[in-house]
Amino acid sequence: MSHLFFLYFAGVIVATSILVVALRNPVYSALSLLIMFFHVAGLYVTLHAEFLAAVQIIVYAGAILVLYLFVVMLLNVKRDERYHVQAPAAAFLGLVLLTEVVLLVSQRAYQTAPAGLPAADQAGNTETIGEVLYSTYLFPFEVASLILLVAMIGAIILAKKNIDEC
Amino acid sequence: MIPVSYYLVLSAIVFLTGLVGVLVRRNIIVILLSVELMLNATNINFVAFSHYFNNVAGQVFVFFTLTVAAAEVAVGLAIIIALYRSKSSINVDEFQLLKW
Amino acid sequence: MTLPAADILAILPELIVMGAACLILVLDPITPVSRKEWLAWIGLGALAVCAGVTASQMGVRVMAFSDLVIIDPYASFWKLLLYLVSGLTILLSLAYLKEEAMHLAEYYGFLLLSLVGMMVMVSAADLLTIYLGTELMSLSLYVLAGIKRAEGRSLEASAKYFVLGAFSSGILLYGISLLFGITGSTRLSAITAAVHTRSLDDPTLLLALILLVVGFGFKIAAVPFHMWTPDVYEGSPTSVTAFMAVAAKAASFGAFMRVFLEGLGGLKANWHGLFLIVCVATLILGNVVAIVQTNIKRMLAYSSIAHAGYALIGVVVAGHATASSEIRSLGLSSVMLYLAIYSFMTLGAFAVVALLRKGGLEGEEIEDYTGLAKRQPVAAFLMLVFMVSLAGIPPTAGFIGKFYLFMGAVRAGLTWLAVVALLFAAVSAYYYLRVVMVMYMREPEASVTVLPRLLVSPPLAIVLACALAGVGFFGLYPDPLVALAQHAILALK
Amino acid sequence: MSSFPLLTIIIFLPLVGAAALFFVKEQQARWVALGVTLADFALSLPLWFWFDSTTAQMQFTERASWITSPAINYALGLDGISLPMVLLTTFLTPFCVGISWRAIESRVPLFMASLLIMETAMLGVFAALDFVLFYVFWEAMLIPMYLLIGVWGGPNRVYAAVKFFLYTLVGSVLLLAAIIVLFFKGGHTFDILLLGKGEFTPALQSWLFWAFFAAFAVKVPMFPFHTWLPDAHVEAPTAGSVILASVLLKMGAYGFLRFTLPMLPDATVAFTPIIIALSVIAILYGAYMALAQADLKKLIAYSSVSHMGFVTLGIFALNTQGIEGAILQMVNHGITTGALFLCVGIIYERTHSRLISDNCGLTGPMPRYATFLVVFSLSSIGLPGTNSFVGEFLVLAGTFFWSKPVAALASLGIILAAAYMLWMVQRVAFGQRSEQAGHGTIRLPDLNLREMALLAPLLVLVFWIGLVPNQVLTPMHASVANLLDQLDQQEAAFARTPRATPDAVASITDHVSPVTHQP
Amino acid sequence: MEYALIPLLPFAAFLILGLFGHWIKDRAHFVAVPAVVTSFLLSMLAFLDVAGGRQTTMPLYTWLQSGDVTIALGLSIDRLTAVMLLLVTTVSSLVHVYTIGYMQGEKGYARFFAYIALFTFSMLMLVMADNFLQLFVFWEAVGLCSYLLIGHWYERQSACNAATKAFVVNRVGDFGFLLGLLLVLDSFGTLDYHQVFAQASAYTSDTVNLLRPFGGEWRVSTLTLICLLLFVGAIGKSAQVPLHVWLPDAMEGPTPISALIHAATMVTAGVFMVARLSPLYNLSPVAMNVVAVVGGLTMVLGATIALTQYDIKRVVAYSTVSQLGYMVMACGLGAYTAGMYHLLTHGAFKALLFLGCGSVIIALHHEQDMRHMGGLKDKLPITYWTFVIGSLALAGFPLTSGFFSKDDILVSAWSAGALGKTLAVAGLLTAGLTAFYSFRLVFVTFWGPSHVDPHHAGHVHEPSKTMTVPLIILAVLAVLAGYLGIPQFLAPALPGPEGTGGHHEGGAAAGIMIVATLLGLSGIAAAYVMYVKLPGLAESLANQWQGAYRLSFNKWFVDEAYDRAFVKPTFHLADRLWQRVDVGIIDAAVNGTARGVAWFGWILRLIQSGQTQHYALGMILGAVLILTVYLLT
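Residue numbers (the working numbering), protein chains in the order written: chain A, 1 to 166; chain B, 1 to 100; chain C, 1 to 493; chain D, 1 to 519; chain E, 1 to 633.
The calculated label-pair distances, taken between Cβ atoms and stated as ranges, are:
{"#": "1", "chain 1": "C", "residue 1": "321", "chain 2": "B", "residue 2": "54", "range": "34 to 44 Å"}
{"#": "2", "chain 1": "D", "residue 1": "444", "chain 2": "C", "residue 2": "469", "range": "46 to 56 Å"}
{"#": "3", "chain 1": "C", "residue 1": "277", "chain 2": "D", "residue 2": "24", "range": "50 to 60 Å"}
One-sided and incomplete, this derived list gives chain C residues near chain D with beta-carbon spacing under 10 Å:
{"#": "4", "residue": "377"}
{"#": "5", "residue": "478"}
{"#": "6", "residue": "486"}
Just so you know, the hints here were simulated from the structure itself, not pulled from any lab data.
Please read these numbers as outputs of a predicted model, since none were measured by experiment.
All C-beta atoms, glycine included, are put in the ideal place defined by N, C-alpha and C.
Use the sequences and the hints to build the structure in full.
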């Protein structure tokens with residue numbers, strides 16, 4: 001059963017991600033990415049990461065992708081007529097790399113490492129993460145907030161029409 | 001129980017698809033989408049490991065990755081808009097003021 | 001949820017800088033344009049306070065925030081350097097922005113936020129923290145690079161930096177995820193322990209290692225991950241370029257060495273050869289391509305690549321397979337020393353470039369420096385000193401930096417590396433001296449109006465004076481800096 | 001007296017002067033520079049008189065810690081080898097200032113500052129007793145020299161300056177590597193005297209030898225590393241040429257004496273034939289080159305190559321006469337070639353050409369000038385009674401004791417020297433000026449008082465050393481003997497050429513008959 | 001100690017004239033002449049002292065001390081020195097006086113006096129030297145003076161060429177001298193004459209392996225090598241074959257110089273040197289033979305060339321070459337006294353001849369070509385008669401000094417084995433040629449119809465007293481020098497090699513004397529016939545023997561041969577080496593390296609295409625490469 005789920009999600013994820021790259025129209029690319037996000041969220045659920053699954057949908061699908069689509073629409077981007085000239089080389093390299101990476105990552109049996117943190121699978125995944133975020137990971141959390149601050153103001157500065165407006 | 005390697009192979013495929021996407025697409029927006037693919041692949045890794053180690057650290061990492069991804073998108077799209085304003089193009093291979 | 005005071009105290013400098021940054025961002029809208037410069041002084045004041053705090057932390061070694069942050073002399077060394085560099089960059093920016101008629105207080109906010117990112121990087125004890133620090137630094141720099149929106153080159157630089165930066169951070173992140181999968185943790189201490197028990201030819205570990213090399217190689221601009229550097233350095237506003245070339249590089253090196261020497265120290269035998277090749281390639285490419293550059297910022301970009309190559313010598317030495325603790329400390333301290341000295345001279349050089357910027361392109365093409373010694377003798381002399389120092393010719397500090405690196409290389413039995421590096425130092429002398437040649441040995445064109453006196457604003461004068469003093473003083477008496485660097489690495493196991 | 005930092009003052013006074021130059025006006029700059037260099041020379045005179053020539057110990061030593069880790073000291077001192085060099089430097093710099101009085105019209109303070117910085121660096125090189133300190137001074141002179149050539153030089157000055165800079169820099173970077181290797185292999189010290197006592201394996205010595213060689217041979221310059229010299233000389237302003245020829249070239253030879261011989265005795269002995277061969281080639285090749293030149297400065301530059309060949313020849317003869325001759329020849333070459341460059345500079349100021357064909361028949365309009373030129377040329381070809389003869393004689397004697405055919409080959413250089421020098425003199429000093437078309441408009445006033453004052457002291461020195469060379473030789477004796485002792489004590493593995501001691505004569509001239517003689 | 005003044009007075013004169021010549025100008029002779037004359041008087045004293053059996057040595061100061069090599073300067077006066085002192089100061093004094101007239105009104109008057117004073121000093125120091133190095137020092141110093149004086153008229157291109165040539169050719173000789181000197185130093189550990197001579201006999205069987213440093217084996221007797229090398233110096237200085245070429249050219253100098261330096265004193269330094277070092281030469285038969293043969297060759301060659309020259313001074317110059325050959329030959333055959341004897345007499349009559357030439361030249365306003373002379377004997381009687389006396393002495397006319405000395409040489413030669421006999425025959429024949437060319441000179445110049453340039457012909461007159469008086473004094477000396485008992489005076493100082501010298505075969509001696517006289521007379525007669533009686537004969541003979549004539553007229557083409565063999569190739573080689581090696585290889589390699597690096601930079605720079613994705617590709621390429629390398633290893 002779990003294998004079936006995995007195969008479904010994995011299949012769609014791979015397919016949509018290839019479509020993201022392959023589709024000429026950016027809008028379609030974005031939409032297939034959206035499908036991929038949903039399926040990644042599904043995969044997270046099978047891995048008992050319900051909180052992340054939710055966040056994935058809310059943040060990625062709900063915010064990020066919408067932003068993308070917004071920009072695509074805003075700029076009225078035309079169909080991408082062709083790939084970059086280096087595409088064959090890149091594809092070849094990608095294949096080589098893929099072979100190597102797959103060879104490398106599949107060679108190894110992963111064991112459970114000693115856990116110093118609360119188990120992730122226990123009931124209330126969201127509470128656990130929340131607790132950890134505000135205790136153990138307080139510092140990164142703060143840094144992340146700064147990153148968002150930078151992103152916010154940075155986006156304004158870069159995107160606004162006239163600097164002297166405000 | 002699905003072996004971790006399955007997830008790893010999946011994420012590797014997605015990651016490399018994204019990577020190739022960055023290399024072959026000219027539209028800067030699609031390039032950013034490809035970067036999102038790479039980040040998602042990473043996230044799959046983290047979550048899978050987190051599951052198999054039965055520890056929450058990986059999931060926390062993903063949480064932060066998501067945050068960073070959002071921030072990057074914001075900044076990135078801002079840059080794209082600004083660029084589009086000045087050059088009326090978002091094809092990366094047409095930005096060649098700076099070279100050599 | 002309790003916050004131990006000790007933890008807060010440990011990250012006090014970060015908090016202060018962050019606070020200052022936020023203050024600037026908040027005050028920005030309510031400050032009249034004519035007084036926006038004042039906001040920069042807030043940042044400077046914050047830096048001064050931080051310097052005091054960090055200096056007082058110099059002797060301590062504490063872990064904070066559940067071992068995600070480490071405050072040790074190593075981190076403090078980098079932080080002190082970063083304060084200094086950021087302070088000087090702010091001063092430089094004051095002059096530069098005025099010249100460019102850009103009245104953006106946000107600029108200083110981003111500078112300080114970027115600095116927070118760097119500080120996080122160097123005092124991180126966890127890959128997560130390092131990653132977040134890097135991202136904070138990078139995102140701020142993307143914005144800063146493109147802040148001169150009116151100019152296409154600035155935006156293009158920003159875009160290129162952003163695309164490649166995001167790309168490389170994706171790769172870095174993937175590497176981190178694999179490392180997490182192998183060791184079960186992102187704590188450096190846990191990784192250290194885990195790696196020690198692993199066999200060296202664990203395939204995934206190898207992959208993770210290489211992906212980390214790509215990620216960090218991008219940040220420190222090592223060949224072949226350097227290619228963004230020239231374009232971005234050229235296109236970005238000069239003050240930002242200076243900041244990137246100096247602070248970002250220093251912070252990246254700080255984090256990079258902590259990760260590889262402490263976290264992945266057990267894999268020395270694996271990455272040592274890799275870094276050796278990268279180091280030599282960086283040295284060669286940086287120096288050789290710099291020869292044919294015509295834009296001074298681009299030339300300095302290649303020079304910064306080359307200098308990363310020099311600094312890598314120290315890393316290679318410290319990571320030498322048979323390195324005793326003495327060699328290791330020699331290698332590490334020489335990198336720190338080198339980057340500190342490099343900061344002075346590179347900042348100085350960029351300050352001169354900024355000084356000569358008079359709208360348009362003047363001051364960026366090397367040809368623009370024609371006859372500078374007649375037009376602006378003081379500026380020309382300063383440039384001369386910085387170029388000589390960059391070329392590593394005594395009695396400037398650049399020589400001392402190289403000297404220690406080569407000491408390490410020879411000590412580790414890598415005499416050939418020292419010789420190669422020295423030969424390329426001689427090559428580098430060619431392009432540095434070309435600037436001197438253009439300034440001193442060509443007559444200024446008749447059409448160029450002779451400026452009455454050097455229009456140097458007080459902040460810029462301070463920057464130049466500091467850089468000159470650093471280059472001169474540490475060239476003649478490097479002992480304090482050497483002692484500081486050596487003290488700093490005692491804590492690093 | 002040992003507590004009084006005389007050497008430091010001598011070395012850094014010019015630097016202080018250079019700093020002061022930034023605050024004075026153009027015309028004052030000349031006077032300040034002249035005053036500083038003269039004062040420096042005056043200060044250095046006591047060195048000569050207080051020098052104790054009975055001991056090989058370093059004298060006027062000063063020592064202070066400079067860098068703690070690794071231990072690098074600010075250590076200075078003089079022995080009989082460096083003393084003449086220091087005095088030569090302090091003596092000649094005022095001449096460089098003097099010859100530039102009118103010749104340099106733009107950016108005078110910068111020019112004078114460069115000269116003064118050069119002086120500091122050169123003095124430092126000769127006085128340093130710490131290898132890193134030595135290297136710092138050694139490299140520090142690159143920039144001022146680069147500026148001297150590049151800013152105030154001739155039409156092709158940039159090429160010459162860059163060539164000079166890179167050539168010497170590439171040579172000396174290997175030296176730096178060697179210094180560091182020495183540090184680790186020689187007991188973690190940069191102390192020149194201690195390193196001189198260290199023992200290194202022959203294999204290591206070989207490597208170090210060639211690393212040293214790269215630096216010193218370029219500076220000397222030895223064949224085939226000499227091609228920077230003609231360019232640099234030709235393009236440099238007169239003062240630059242004088243400094244270059246008189247002092248800079250000596251540093252290479254000094255390096256051989258100070259470092260290669262005592263530190264790497266085995267390698268020195270093992271590679272002596274190669275160096276000797278290169279020296280002989282340099283002597284003959286330089287002379288041939290000089291024959292082919294139409295440019296006065298180039299001719300003198302190539303003659304320098306030839307003369308410096310004698311110096312290296314003498315050094316690597318590895319005996320008292322050879323080494324003392326070499327040191328003396330260094331001094332002589334400094335004086336004579338310096339003087340010749342001054343002469344060229346003087347005529348260049350008048351005719352603005354350095355071509356022999358443009359400067360014909362000067363005796364008519366400028367008899368005094370011609371007299372000086374002839375005398376210095378004769379000194380250059382080693383006429384007895386002038387300084388160079390003594391040096392060349394001792395060098396040849398030393399070489400002769402090492403190998404007769406080599407000495408014979410080297411002596412051929414003397415014939416060639418006569419040929420190119422006299423041919424030059426014949427064309428420049430003699431002949432008829434009026435035959436040359438188009439020269440009528442150039443005024444050729446004879447030497448003025450300043451120029452006389454520049455050349456006359458050198459003339460006196462030419463004869464003083466030529467007639468009483470012992471005064472210069474005496475301070476060297478103890479140091480050279482000590483140097484050779486060091487060579488002897490350390491070097492054991494190689495069969496060495498015996499020196500011409502009365503006992504050693506026997507082994508040089510192989511006795512067939514059982515008859516022995518007692519001198 | 002007062003003898004130190006002998007050289008020092010001329011030196012003082014030189015210094016004064018050299019430094020203050022600018023102000024002294026035409027009064028220069030008031031400085032120089034008294035100094036030299038005083039010097040002459042002191043030399044007389046010294047001579048008498050030595051004749052009284054007292055030898056003087058005066059150490060001056062330690063010149064040079066390095067390791068075991070110590071060289072002290074000193075003066076020593078022995079019999080050999082004493083006669084040389086006398087010769088030098090005498091001729092020098094006369095030439096000084098003569099110069100007053102000869103150089104009157106010349107621009108470089110003071111300079112000229114300064115130079116000859118310096119020369120006198122150097123020559124005196126040379127003969128008074130008590131060690132090899134001092135000998136060498138002043139050996140070169142006289143060469144310098146010769147250089148300066150030949151080039152006195154520096155505006156004349158030919159004079160400059162001649163000066164340079166003289167110096168360089170002499171340098172070639174000095175090259176050998178220097179090596180010989182070094183070999184002495186190397187072998188004996190000292191350069192002091194007395195110490196060397198004292199040890200010399202112990203070294204007779206010493207050899208030097210010339211190929212030792214190269215691992216080969218080539219043993220040469222040390223003493224022979226020393227002697228030969230030193231003799232190379234003598235060849236140069238005394239204008240022996242093959243380095244004689246400079247001497248005729250040296251006639252470009254003012255005539256007093258030719259008399260003093262290129263006839264009487266400096267050129268004889270080689271002979272003096274061989275005689276001085278006779279204790280060494282005596283120990284090396286091989287070297288002796290070489291010396292004798294070289295001398296003999298020079299003797300013949302000089303004479304054959306002198307036969308056909310037209311420049312009045314060149315004839316005398318080649319005769320000097322020939323006569324020097326006599327002297328050297330004599331020394332080589334062990335007859336040092338004979339050689340020195342001829343040196344002295346030759347000094348007198350050759351100086352006379354040159355000064356005579358000088359007064360002719362002055363009278364004809366610097367005309368030197370014999371073909372533009374003739375019929376001068378009535379206009380210049382004093383010159384003519386003194387010239388005839390000189391020529392007679394040169395020709396070995398009985399009862400003149402030349403007769404005695406030449407005869408002494410020939411007789412000694414005859415008694416010196418087979419080589420000696422061969423050379424004696426050559427010497428006899430040369431004596432005939434000598435007589436012929438010297439009287440050819442007399443007849444063509446002074447007899448016959450006048451070919452003088454009509455511009456000057458009218459006012460040809462005898463020069464001033466300052467010039468004629470020296471001529472007369474020298475003429476007297478040219479006759480009387482043969483009667484002074486010089487050989488007897490010198491004999492104790494110059495023993496020949498064992499087994500030779502000393503015992504002349506009475507019969508043979510008389511025979512040789514007669515043959516020589518007859519040959520001399522017939523030479524004079526032949527000259528008389530050819531140039532006075534049958535003026536066309538010379539030309540027809542020349543046409544008949546065209547080959548020989550041309551060989552003689554063109555000086556055996558030695559100059560041309562040198563030009564082809566050494567001078568041109570040297571300059572050519574220099575130019576080639578410079579263009580091909582220095583510029584073409586070394587510099588090209590240096591510049592090529594620089595260009596190569598820059599080119600490399602250009603290539604690498606192109607990678608930086610400006611395309612973001614290329615950069616990303618580069619990163620990935622790097623990663624893949626690294627990964628692949630790791631996987632493969």
